[in-house]
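Q: One-letter residues, chain by chain:
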Amino acid sequence: MMARLTLDEWLARTLQNRKFMEAVSAVKIAPPQEGSWKAIPGWVHPQLRRVLETRGLRNLYSHQAEAVELVRQGRDIVLMTPTASGKTLCYNLPVLQSILENPETRALYLFPTKALAQDQMHEIHGLIGDIGADIKTYTYDGDTPANARQAIRKQGNVVVTNPDMLHAGILPHHTKWQKLFMNLRYVVIDELHVYRGVFGSHLTNVLRRLLRICRFYNAAPVFVCCSATVANPKSHAEALLERPVALIDKTGAPSSARTFILINPPIVNRELGIRQSALTPARKIAGELIENHIQTIVFTTSRLNVEVLTKYLKDRFVRGKPKDDQFVTGYRGGYLPNLRRRIEKGLRERDVMGVVSTNALELGIDIGDLDVCIMAGYPGSIASTWQQSGRAGRRKGRSCSILIARSNPMDQFIADHPEYFFSRSPEHCRINADNLLIFLHHVKSAAFELPFEKGERFGAEDLEEALSYLEEQSVLHRVGDRWHWAAESYPADEVSLRTVNPENVVVVDATEAGNHRVIAEVDWDSAFTTVHDEAIYMVESQQYHVDKLDLERKKAYVRKVDVDYYTDAMTYTNVRVIDTFDSSRRESVIVEHGEVQVVRKVVGYKKIKFYTSENLGYGDVNLPEKDMHTTSYWFTVPKDLLSSLPYSQAEIIDGLSGLSYSLHHLAAMILMADIRDIDRCIGDKSGEWFVRRGAGRRIIAAGSGGEGEGPVRIDDFDPTIFIYDAYPGGIGFSDLLFTQHDNLLASARMLMRNCPCSHGCPSCVGPTLEVGMTAKDAALAILNIIASEQ
Amino acid sequence: MTVRDRLQHLTGEYSGKDGKQEKSRDQVMGDLRRRIETIMARRPDVSAGPVILSSRGAFALDDVVEGEEIATDMGYFYRKIRRLGGNHIHGFYTVDEARDIDMAAAALLAGDPAIAESSVDDIIFIDTETTGLAGGTGTVAFLVGLGWFEGRNFVTEQLFARDFSEERALLCRLLDQIERKKVIVSYNGKAFDVGLLATRFVMNRLPDELSAMPHLDLLHPCRRLLAHRLENARLATMESEILGVLREGDIPGSEIPRRYFDWLRSRDARLLKEVFHHNHLDVLSMAFLAVHVARIVRPNLATSGVEWRDVLAASRLLSDRDDIDGACRLLEGLILSCGDGNLAIEARKELSMIHKRRDRWSEAVVHWEIILNNRPGDLFAVVELAKWQEHQVRDYRRALDMVERAFSENPGMPEWIEAALRHRRDRLLHRLRLAKV
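These protein sequence lines map, in sequence, to chains A and B.
Counting from 1, one number per residue, gives the positions in the first sequence under the working numbering.
Counting from 791, one number per residue, gives the positions in the second sequence under the working numbering.
Any given hint could be a false lead.
With a straight-line Cα cutoff of 20 Å, these simulated EDC-like cross-link-like pairs (lysine to aspartate or glutamate) come out [what the hints assert, rightly or not]:
| no. | chain 1 | residue 1 | chain 2 | residue 2 |
| --- | --- | --- | --- | --- |
| 1 | B | Lys1177 | B | Glu1153 |
| 2 | A | Lys154 | B | Asp998 |
| 3 | A | Lys555 | A | Asp509 |
| 4 | B | Lys972 | B | Asp953 |
| 5 | B | Lys870 | B | Glu907 |
| 6 | A | Lys554 | A | Asp525 |
| 7 | A | Lys179 | B | Asp911 |
| 8 | A | Lys548 | A | Asp582 |
| 9 | A | Lys176 | B | Asp998 |
| 10 | A | Lys114 | A | Glu22 |
| 11 | A | Lys176 | B | Glu1097 |
| 12 | B | Lys971 | B | Asp953 |
| 13 | A | Lys606 | A | Asp627 |
| 14 | A | Lys154 | A | Asp130 |
| 15 | B | Lys1226 | B | Asp1191 |
| 16 | A | Lys179 | A | Glu53 |
| 17 | B | Lys1139 | B | Asp1110 |
| 18 | A | Lys454 | B | Glu999 |
| 19 | B | Lys971 | B | Asp911 |
| 20 | A | Lys179 | B | Glu999 |
| 21 | A | Lys154 | B | Asp911 |
Each pair of labels, with its calculated beta carbon distance range [as the list claims (entries may be wrong)]:
| no. | chain 1 | residue 1 | chain 2 | residue 2 | range |
| --- | --- | --- | --- | --- | --- |
| 22 | B | Arg1055 | A | Glu625 | 46 to 52 Å |
| 23 | B | Asp912 | A | Gly514 | 56 to 62 Å |
| 24 | A | Gly514 | B | Pro997 | 46 to 52 Å |
| 25 | A | Glu453 | B | Gly875 | 27 to 33 Å |
| 26 | B | Pro997 | A | Ala151 | 41 to 47 Å |
| 27 | B | Glu907 | A | Glu453 | 51 to 57 Å |
Just a sample of chain B residues kept apart from chain A, beta carbon distances all over 10 Å, derived [stated by the list, open to error]:
| no. | residue |
| --- | --- |
| 28 | Asp953 |
| 29 | Ser955 |
| 30 | Thr989 |
| 31 | Arg1048 |
| 32 | Cys1118 |
| 33 | Cys1128 |
| 34 | Asp1149 |
| 35 | Arg1188 |
To be clear, the hints were calculated from the coordinates, so they are not data collected in a lab.
Using N, Cα and C, we set each Cβ at its ideal position, and we do this for glycine too.
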């Protein structure tokens, strides 16, 4: 048997390998960092100090020392230091100290997921056990048994929960939590970067409610926030908490040397612009590393990919061994908690040499430090990339991160511009806590918790006007200068913090008459495109035919079928400008952002054959239009400029579509948003004309008029590309895109130019089957006339 | 655009094109008025009373609900008091009879010995009407009905918050009244009313004197003792089936929150008449149910109106509470009173098992044999006798006789019993063979 290679040896050998290096688009080596330490402060309780010392902690990292000192002084802080830099001690230490000084002290910890809450419990239980004091910590979430809840409310010194539970389970019952609120000294919000977009906008409102209740009980807790890398930790924390926050972002933890390798798999079909799957190199590299007992974590972008890759690796390493051998294993949400705990332990103790995971392991679950991190696909943001990458990295020696690009525009942009990627600051976290719908939901919940008094403030909006609106809606009742909740419902149940529309459509399998079963739930917005009448809906690769979508009862009745096609809904979107907030002229185009009305309608569907993607026919769908007011960024191209280009009408439309495709993807990348958080449309500003996909290719249709009007020509209007918030009321992406207009267009140009495909592919302007053969050229030509090169 | 305009845009309430404009305040009130008229039209029996239109033009509260405004340091609230004399009849009982609550029995039912030390005059009956069932801090008790015995009378006092601003004064009065009493009696009050009031006290920064008081929640005993033969354990069911009260002009509990919200907006007091009536009857029925359930567990007093099968249920409750003597007393009384009827046989079965658990075999055997005399071949009795012969007397022959008797006299017995019996027979045959060797 060959001697095993160390990571250094493997790297040296691999980076010499010409075949391997052909696919490598960049290698970057970061030098090791020295640590910086400070003595444990003198005020730390001797019992606590002893426990730290038995754990080998005679000193604190400089950032830990700074953090505990500020928290001790009652300052609100946000801490941004890398993975595994001992962030949890920054809040556990002052919290435990304060409980030792006064056993009545209470602290509330918020984590975005139950798994993280469990992990944190594990850690703090360890500390408390060693201190030997009577300090009670509990998790309080949907799984907490009813008979344990009373004890938690009355006795828990540290209550670990999530924002959803705080919103629906704790705040509306604050009188039962009297003891907690009267003695609340600390609120810890970990993984702060998760709270962006809709979720973050909700959290700010939940915190506004929390603080109202704290005021009622005369409590003024100190907030301790922790975040992974983001561009704006301080302003994000201040936006969430709506108060000044001190930033600590200089780590004192040492780090090892790190090699970062960026791989772009070879093109296998130039015509269609298809590259080798990112899973192929991931499997090969992970296999080699694990064989050498170099502990490796592979992140994939979907649960399915976790299972596929795990199977490949298990086939290689655990064949013939007992089935539960965890030398290599998968890890994702959906695994049972004790299996997850076993895997985490195996990783810490290095019994597990390889793990394939979704981003479930990206957040701060303690799995020790691994040697290599492979990312099969760009995780969607710079911040996530560094976060995942941070899973590998021992205090000493070397670690390595490998990012393998897929075929989509974001991944390809990065593979083509490694220098841009490495020099880029991570993304901004944005929220819009005063999104009116979100705000209104929480005003209701807040009124349920405590009547509003005249002159009270709740966010930046005009509260009194919202209150009188709710009074007219007959949910509030005003007596003198107070507004009381006056309805039978429980408002916190009406809104979920994480989804856009809390209403769901239930999918009912009616294959067997008399034995109807619910097989899935689809959120309200997707229901229109996925479970319309006659659609083929798939669950775990079983096909179901939708017999009837009953919107009133919120049910879709389906039955099992076995057909050789799937369906793809055809929708049209029509955007009309209601109000322009700001406007500027760039070259010959007008760039604006403001409020828009978006009308969406599913008009039909295509039947598409599996494997060949052959179009087997069309059907009509008759569903109501959906009308939404939101915010948008847009720019308008003068028609005269377009008509000077050497392309036909149809080709120009395709070019604009291709351009909007790449802008949509790049905007998501810049915003650190999910691609579904924003959407796109081409039309004119009045909503009179818009571009929609017909049965064949794109056509221009009238916004309000019916069918059958004569063909409209592109030179009848000035086409406008809209990139808008997909949430009613908007989440605040639009003004950022407005300021990023030049950057966005320049990125699109780089992306298209450097894309090796001949006519367009999913990596740049979209697949040629959809946008036609000239879209890429036309899109570039349009870019040339609307944005000059720097 | 104002916040309101923007909200109307976002929620789709406003649609300029269709000309569907926002509802004006007048329209809202118009809708409300129409709804009130519909409610009144539906219930002519109640609104038929002499309702006088007050000078203010609406139906004023004191014209519809006879009561008075009470001024306190904490503000105002509205109160209605009624006194029912000893001869007042509510279903099968008079107030004089209802007053005769056996406090020892009440203590037993509540599982709280402190109650036995109190007298009937220490009891306060409580029932609340609230703005919803959702619980949490946004639900308010706007009407608190109290009841107590005073001399030969039963007094009810209904405290009503005409608006949210009167809640504090109402709660203070409630605290004053509670201070004079020692025991709470409610129906589902442990799970609902007391918890809700506890929240209201905190919200108004008042002490919660209620939660720690001895409390007999009648729901639990009613469920155990009575619901076994009824459709459900709701107070309304108990009232009609047990007390024989037929409510007239009542309103379903689920409509009450809506009535209060409508009252807040319209100030039309007709909406409240039935709510006060409903609450008053609830308090009254509670008091009368209390005497009834207490009689079931202590039937040695005047036992009219008590069903013997409820006594059987009571014996099981006592036995679960480890009050074995109490259970035996009930069962023996039952056997004496019911002769050899089915209920007596059920009682003998219960009693025999109590004896068996306490190793009082001879007493148990007597019961089994009596059962067998009355019901030849009774499966329970033969099987128990077979077990006794096999394990205590160790007369395998007789035990086998019993098993055979069970088989021959119970054709079509359930399969699992048959299997167990067959198993017993095989074992007995085996033992007999061993004995011969």
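Q: A separate judgement is required for each hint: does it hold in the structure or not?
A: Results of checking the hints against the structure:
no.	hint	in the structure
1	B:Lys1177 - B:Glu1153	15 Å, holds
2	A:Lys154 - B:Asp998	16 Å, holds
3	A:Lys555 - A:Asp509	10 Å, holds
4	B:Lys972 - B:Asp953	30 Å, violated
5	B:Lys870 - B:Glu907	31 Å, violated
6	A:Lys554 - A:Asp525	12 Å, holds
7	A:Lys179 - B:Asp911	35 Å, violated
8	A:Lys548 - A:Asp582	45 Å, violated
9	A:Lys176 - B:Asp998	12 Å, holds
10	A:Lys114 - A:Glu22	43 Å, violated
11	A:Lys176 - B:Glu1097	42 Å, violated
12	B:Lys971 - B:Asp953	27 Å, violated
13	A:Lys606 - A:Asp627	24 Å, violated
14	A:Lys154 - A:Asp130	24 Å, violated
15	B:Lys1226 - B:Asp1191	17 Å, holds
16	A:Lys179 - A:Glu53	33 Å, violated
17	B:Lys1139 - B:Asp1110	16 Å, holds
18	A:Lys454 - B:Glu999	31 Å, violated
19	B:Lys971 - B:Asp911	8 Å, holds
20	A:Lys179 - B:Glu999	17 Å, holds
21	A:Lys154 - B:Asp911	35 Å, violated
22	B:Arg1055 - A:Glu625: 46 to 52 Å	35 Å, violated
23	B:Asp912 - A:Gly514: 56 to 62 Å	58 Å, holds
24	A:Gly514 - B:Pro997: 46 to 52 Å	58 Å, violated
25	A:Glu453 - B:Gly875: 27 to 33 Å	48 Å, violated
26	B:Pro997 - A:Ala151: 41 to 47 Å	23 Å, violated
27	B:Glu907 - A:Glu453: 51 to 57 Å	46 Å, violated
28	Asp953	5 Å, violated
29	Ser955	4 Å, violated
30	Thr989	4 Å, violated
31	Arg1048	7 Å, violated
32	Cys1118	33 Å, holds
33	Cys1128	41 Å, holds
34	Asp1149	36 Å, holds
35	Arg1188	49 Å, holds
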